[in-house]
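Q: Using UniProt numbering, read the sequence shown as starting at 1 and increasing by one per residue.
The hints are simulated quantities; they were obtained by calculation from the structure and are not laboratory data.
Wrong hints could be hidden among the right ones.
[To be verified] Pairs of lysine to any residue, SDA-like flavour, derived with a Cα cap of 20 Å:
1. Lys73 x Asp149
2. Lys150 x Ala126
3. Lys199 x Phe148
4. Lys73 x Pro85
5. Lys61 x Thr39
6. Lys150 x Glu180
7. Lys61 x Ala31
8. Lys150 x Ser119
9. Lys61 x Ser5
10. Lys18 x Leu60
11. Lys18 x Cys58
12. Lys61 x Gln23
13. Lys61 x Leu51
14. Lys199 x Gly182
15. Lys150 x Arg192
16. Lys61 x Ala126
17. Lys61 x Pro47
18. Lys18 x Ile62
19. Lys199 x Asp149
20. Lys199 x His187
Only a predicted model underlies this, so the values are computations on that prediction, with no experimental measurement involved.
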Amino acid sequence: MQVFSAFGFVHKITTFEKTAGYQALVQFSDAETATSARTSLDGRSIPSYLLPEEVSQCSLKITYSAHTDLTVKFQSHRSRDYTNPYLPVAPSAIDSTGQVIVGVDGRKMEPESNVLLASIENMQYAVTLDVLHTVFAAFGAVQKIAMFDKNGGVQALIQYPDVQTAVVAKGALEGHCIYEGGFCKLHITYSRHTDLSIKVNNDRSRDYTMPDAAVAMAPQPSHNPYPGNSQQYHAAGASHYQQQPQGGWGQSGGQGHDPYMAAPSMHQGPGGHMPPHHYGGGPSGPMH
1 MQVFSAFGFV HKITTFEKTA GYQALVQFSD AETATSARTS LDGRSIPSYL
51 LPEEVSQCSL KITYSAHTDL TVKFQSHRSR DYTNPYLPVA PSAIDSTGQV
101 IVGVDGRKME PESNVLLASI ENMQYAVTLD VLHTVFAAFG AVQKIAMFDK
151 NGGVQALIQY PDVQTAVVAK GALEGHCIYE GGFCKLHITY SRHTDLSIKV
201 NNDRSRDYTM PDAAVAMAPQ PSHNPYPGNS QQYHAAGASH YQQQPQGGWG
251 QSGGQGHDPY MAAPSMHQGP GGHMPPHHYG GGPSGPMH
């Protein structure tokens, strides 16, 4: 869903396994959208962050299907009709407590949290604590931020006052870039933490609920501002990064501007902003 929806509204998806491997039928609004997706995606690999941990690589081979309108009887991890929210959920998608465990993208739903974990990819420009605050504050009051290095990259924990604000921010920012050109791409998941413990305000951690607290700009490698977490927060040298360009971020997500920049693989409007999705057209053009 996340791969194909970059090209237009996906009406339906059905997946199945054959001797040739895992296959899927993907139905767009029209044949033109399906052609655009096929041209761009055929032969490409699905990004690793969208794959299960046990799958290291997955390449796409895309052809046109003879079907024009897919029949989806149940919402499940194998099939999904995004045009019919009232379609019954398959028993296999419900756990022992009666809760639906499959999300709208067909994947197992992760527990929501008021704290987001953001991983930053393709960091050609340094991402500072202030930059992150500007980005995430567009969706609500940011209470705390803690940045740290892990697996050769930069990650950050961002705490909102409530789960609802975090859900909105995650939905809007996931997969999008802080800077034009595909730089500093965000991958966001929910954190198991609910209240970050910031022991010192510096250039890598900040408690915005205590605005009068002194800020120590020197790195604090000997302290871990989040006890109980094995990740060590420490300042990394940013001298190897390019000078930051003028970003498209404001203090608010409103005022007629999209609150995020488009990823390079997405269709961009003027100024690099994502154009709004247009939902319409009769169902046609399934592909697999």
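Q: Would you mind marking each hint as holding or not holding in the structure?
A: We went through each hint and held it up to the structure:
{"no.": "1", "hint": "Lys73 x Asp149", "result": "violated, 46 Å"}
{"no.": "2", "hint": "Lys150 x Ala126", "result": "holds, 15 Å"}
{"no.": "3", "hint": "Lys199 x Phe148", "result": "holds, 14 Å"}
{"no.": "4", "hint": "Lys73 x Pro85", "result": "holds, 12 Å"}
{"no.": "5", "hint": "Lys61 x Thr39", "result": "holds, 11 Å"}
{"no.": "6", "hint": "Lys150 x Glu180", "result": "violated, 24 Å"}
{"no.": "7", "hint": "Lys61 x Ala31", "result": "holds, 18 Å"}
{"no.": "8", "hint": "Lys150 x Ser119", "result": "holds, 9 Å"}
{"no.": "9", "hint": "Lys61 x Ser5", "result": "holds, 17 Å"}
{"no.": "10", "hint": "Lys18 x Leu60", "result": "holds, 15 Å"}
{"no.": "11", "hint": "Lys18 x Cys58", "result": "holds, 16 Å"}
{"no.": "12", "hint": "Lys61 x Gln23", "result": "holds, 9 Å"}
{"no.": "13", "hint": "Lys61 x Leu51", "result": "holds, 16 Å"}
{"no.": "14", "hint": "Lys199 x Gly182", "result": "violated, 34 Å"}
{"no.": "15", "hint": "Lys150 x Arg192", "result": "holds, 17 Å"}
{"no.": "16", "hint": "Lys61 x Ala126", "result": "violated, 36 Å"}
{"no.": "17", "hint": "Lys61 x Pro47", "result": "holds, 15 Å"}
{"no.": "18", "hint": "Lys18 x Ile62", "result": "holds, 15 Å"}
{"no.": "19", "hint": "Lys199 x Asp149", "result": "holds, 18 Å"}
{"no.": "20", "hint": "Lys199 x His187", "result": "violated, 26 Å"}
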